[in-house]
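Engineer: Kindly generate the complete structure, drawing on both the sequences and the hints.
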Amino acid sequence: MTICMVIARKEIRELLSNRNTMLTSLGVALVFAVIYGLGLTEEGSIGGVISVDGTLFFLSIMLGVFMAYSLTGHVFYKEKTDRIIETLLTSPATLRQIWLGKVLAVSAVSYILALIAVAVLLIITAIRNQGIVLPGGPVIFHIFLVVPVFIAAFVGLNGVAQLALGMKENRLLGFIIFIPLFAGLYGLGFSIGAVTTITWLYSALVLAGAWLLLVLAAFIVRFLSTERIVTSLG
Amino acid sequence: MIEVNNLTKKFKSTLAVDDISLKINEGEVFGCLGHNGAGKTTTMRLILGLLRPTSGTAHVWGKPLSQNPHLRRKVGVLLENDGLYENLSGEDNLDYYARLYEIPDRKNRVSSLLEYTGLDSRRKDKVGTYSRGMRRKLGLARSILHYPSVLLLDEPSAGLDPEVQKMVRDLILNLAREEKILIFLNSHDLDEVERICDRIAILQRGRVIACDSIKNLRSASSEPGVVIVLDEKENPDKAASVIESFEDVERINQTNGKIRVVFKQGKSPDLLPALVNAGIRVSEISRTSRSLEDIYLEIIHREEKQK
Ligand SMILES: Nc1ncnc2c1ncn2[C@@H]1O[C@H](COP(=O)(O)OP(=O)(O)OP(=O)(O)O)[C@@H](O)[C@H]1O
Ligand SMILES: [Mg+2]
Chain U
1 MTICMVIARK
11 EIRELLSNRN
21 TMLTSLGVAL
31 VFAVIYGLGL
41 TEEGSIGGVI
51 SVDGTLFFLS
61 IMLGVFMAYS
71 LTGHVFYKEK
81 TDRIIETLLT
91 SPATLRQIWL
101 GKVLAVSAVS
111 YILALIAVAV
121 LLIITAIRNQ
131 GIVLPGGPVI
141 FHIFLVVPVF
151 IAAFVGLNGV
161 AQLALGMKEN
171 RLLGFIIFIP
181 LFAGLYGLGF
191 SIGAVTTITW
201 LYSALVLAGA
211 WLLLVLAAFI
221 VRFLSTERIV
231 TSLG
Chain H
1001 MIEVNNLTKK
1011 FKSTLAVDDI
1021 SLKINEGEVF
1031 GCLGHNGAGK
1041 TTTMRLILGL
1051 LRPTSGTAHV
1061 WGKPLSQNPH
1071 LRRKVGVLLE
1081 NDGLYENLSG
1091 EDNLDYYARL
1101 YEIPDRKNRV
1111 SSLLEYTGLD
1121 SRRKDKVGTY
1131 SRGMRRKLGL
1141 ARSILHYPSV
1151 LLLDEPSAGL
1161 DPEVQKMVRD
1171 LILNLAREEK
1181 ILIFLNSHDL
1191 DEVERICDRI
1201 AILQRGRVIA
1211 CDSIKNLRSA
1221 SSEPGVVIVL
1231 DEKENPDKAA
1241 SVIESFEDVE
1251 RINQTNGKIR
1261 VVFKQGKSPD
1271 LLPALVNAGI
1281 RVSEISRTSR
1291 SLEDIYLEII
1301 HREEKQK
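Chains as they are written, first to last, in the numbering used here: chain U, 1 to 234; chain H, 1001 to 1307.
Check each hint, because a few of them may be wrong.
Unchecked claim - Straight line, CA to CA, 27 Å or less: simulated DSS-like cross-link-like pairs of lysine-lysine:
(1) K1010/H - K168/U
(2) K78/U - K1124/H
(3) K1180/H - K1126/H
(4) K1074/H - K1023/H
(5) K1012/H - K168/U
(6) K1215/H - K1233/H
Honestly, the hints are just simulated from the structure, not real lab data. From a predicted model like this one, the values you see are computed outputs, not experimental measurements.
Structural biologist: Here you go:
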């Protein structure tokens, strides 16, 4: 097992063993899945069948990022406030490996939570429609190939920031990210989602954006230094 | 091998480490002493490559650790923080580090260290439920998990009970003597340092103000001599006149039945036969030996005065 995978494995185990955090996250995922599921109206329906495309498109990505937002702190910043990162940095693991291992762990758990929400939403619509409604091709592509990349890019950038910043700046950053995220989850996903038709172009655009952010994150992590982390411990 | 040359570290306005040079060889137990804020932890972080020097170099086996992950494989570290995850069990903590260092026969190594530190019965409990001393012990086990050749310990026995302190001391001595591991430790516990360190450096405001073996520091700083305790009924003045007749005696001073004799540099006259011949009953005679604490305080104060 490579060092990255050793780190990712441990982070996932630690996240899963943190029952409070996991239950809260799962709760939030379910609540949004239910709100979205019950909120679907006839407006976006095609031929009498409610379309889940727009809703799923937004729910999967917004919820995935929201989960990633709430889990990143447990995996990146907490190790700084606990001052454990210092010891970790004296191990054979390089800064880049530590970062990548953590990104993989947070992304995997967040993505699974987003998939659970997607599944719940599909079940709710199936019940309401008295029959299974499957999303279209672009949305399936989006859920399985775009959303994980987007989540990883977000975690990557947020993770670098948390490693580089001190306690006060981190709180401020968290607050700044939260507002548009929550607004997006409610506004974009809930209101706009239901009436938007998702085309291949949309999915391709989001995928391009996700890759761009991921490359940006991988680039920025070069400028992160051990000294920067050690002198900004909580 | 650790080699530090003209190492300096400045934090904004604070000069934390000021032009330090040290060389420590394998098998040596090296202690770093100094008041709070003297720069001990900063020096250790610089050696570990956690901080970048403002100037100078800190090398282990001739290279900076920061750019050589493969060299870090052979370095064990216990900082002020134990480096343990509260949400994981003691066993899982060690297992994680064992995987990071790619230790062969991981399970056995982890088990034997848990047994060695007496934490075996709590191996499945989360570290968050451990006491301060238990964590320190587990941290120490973590630091030697991968059979390091160089071990850096920042106040290893801070907060430990006497029994565990002894365990830590024995462990350190064993590693240094049997396995020829280089041990660099920061400590405030002068008693511990005196028992285990071959050489020490005393830091003050980021500078090394003394660096030598304890034996050399002792002979350089203290005056050689003996303390004589007389029988209760004995007349001290009579004894004093016998002692003063010796040419090699620099001076004496007596306080309630005890006579402190200071010899001339390099001399060591045998006083006892003369005292016995004069019919003086001596109940105890011993070399004046000053504790490391006395030496440490003397060096620090001497330096203060020169400022
Ligand atoms: N990250 C930092 N930023 C600014 N100043 C620092 C930083 N780290 C250490 N210092 C300063 O450097 C000096 C040396 O600190 P250091 O922690 O090395 O002392 P120490 O000898 O380990 O003390 P102690 O015995 O209390 O552990 C202190 O004045 C401290 O305030
Ligand atoms: Mg210190």
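Engineer: Decide, hint by hint, whether the structure agrees.
Structural biologist: Here's how the hints hold up against the structure:
Our distance criterion of 27 Å between C-alpha atoms is met by K1010/H and K168/U, whose separation comes to about 23 Å. The hinted pair formed by K78/U and K1124/H meets the criterion: a straight-line CA distance of about 23 Å does not exceed 27 Å. At roughly 34 Å between alpha-carbon atoms, K1180/H and K1126/H are farther apart than 27 Å, so this suggested pair is violated. A threshold of 27 Å between alpha carbons decides the hint, and for K1074/H with K1023/H the separation of about 18 Å falls inside it, so the pair holds.
Between K1012/H and K168/U, the direct Cα distance comes to roughly 19 Å. Compliance with the 27 Å bound is thereby established for this hinted pair. Straight-line distance between C-alpha atoms of K1215/H and K1233/H comes to about 37 Å, which puts the hinted pair past the 27 Å bound.
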